[in-house]
Amino acid sequence: MGRVELTREAILDSAATVLSANPRASLADIASEAKIGRATLHRHFSSRSELVLTLVRASIRAIDEACANIDYGGQAAIQSLRDTVEAIVPLGARYSFVAHQGEALDDDVIRAETARQLASARQLAEALKAEGSVGVDVPTAWVVATVDALIYAGWLEVHRGAVAANDVAELIIRTITQGLGPAA
Numbered sequence: 277m278g279r280v281e282l283t284r285e286a287i288l289d290s291a292a293t294v295l296s297a298n299p300r301a302s303l304a305d306i307a308s309e310a311k312i313g314r315a316t317l318h319r320h321f322s323s324r325s326e327l328v329l330t331l332v333r334a335s336i337r338a339i340d341e342a343c344a345n346i347d348y349g350g351q352a353a354i355q356s357l358r359d360t361v362e363a364i365v366p367l368g369a370r371y372s373f374v375a376h377q378g379e380a381l382d383d384d385v386i387r388a389e390t391a392r393q394l395a396s397a398r399q400l401a402e403a404l405k406a407e408g409s410v411g412v413d414v415p416t417a418w419v420v421a422t423v424d425a426l427i428y429a430g431w432l433e434v435h436r437g438a439v440a441a442n443d444v445a446e447l448i449i450r451t452i453t454q455g456l457g458p459a460a
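Quick note, the sequence shown lines up with residues 277 to 460 if you use my numbering.
Everything labelled a hint here was simulated from the structure, so no lab data went into it.
Any given hint could turn out to be false.
[As the list claims (entries may be wrong)] FRET-style restraints, in silico, Cβ to Cβ: (1) E341 to D443: 39 to 45 angstroms; (2) R279 to R398: 29 to 35 angstroms; (3) Q351 to A425: 35 to 41 angstroms; (4) V412 to G350: 20 to 26 angstroms; (5) S322 to A297: 38 to 44 angstroms; (6) D413 to A315: 52 to 58 angstroms; (7) S308 to D383: 26 to 32 angstroms; (8) G349 to D413: 33 to 39 angstroms; (9) A315 to G437: 16 to 22 angstroms; (10) D305 to E407: 27 to 33 angstroms; (11) G455 to S302: 33 to 39 angstroms.
For every residue, glycine included, the Cβ atom is placed at its ideal position computed from N, Cα and C.
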């Protein structure tokens, strides 16, 4: 990857971090996080909307690539969840940004891609319920929202230094299975 591509990726990483924490952050805030000037940022992205659109598209691709080798149909759903968490937590800022901004964008491709990812998350939630890892009485939407929140929380706590990266998957699995387990 050349210098231009590295700078562009650094801008996207910084934008994900800044915008996931503050969706109204300015381009100056993003440039500051990326440790570049606004002029450099504008050489790569002519507008905030171009940056956001590029970030969402790149983030969706990164999430898909991170999860590409997970065998969702060939293993227990709880293992698929663990594999998903381990794949996505390092992408926490991008994951959170897509989850909370992707649908708001007026782009048919992005809406279709986020809908596809959400459908996959619902399928995994249903599989968790079917195998008994999550109570069948827990709404699927709640399972998906909880996993989403826990993935972001896991990334955030690793980022803050409060939790070791290699502990996050187990903490999330424990929270899901013991916090959302079948009703007693």
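| task | Would you list, in rising numerical order, the hints stated earlier that this structure does not obey? | result | Result: hints 1, 2, 3, 5, 8, 9 and 10 break, sorted rising.
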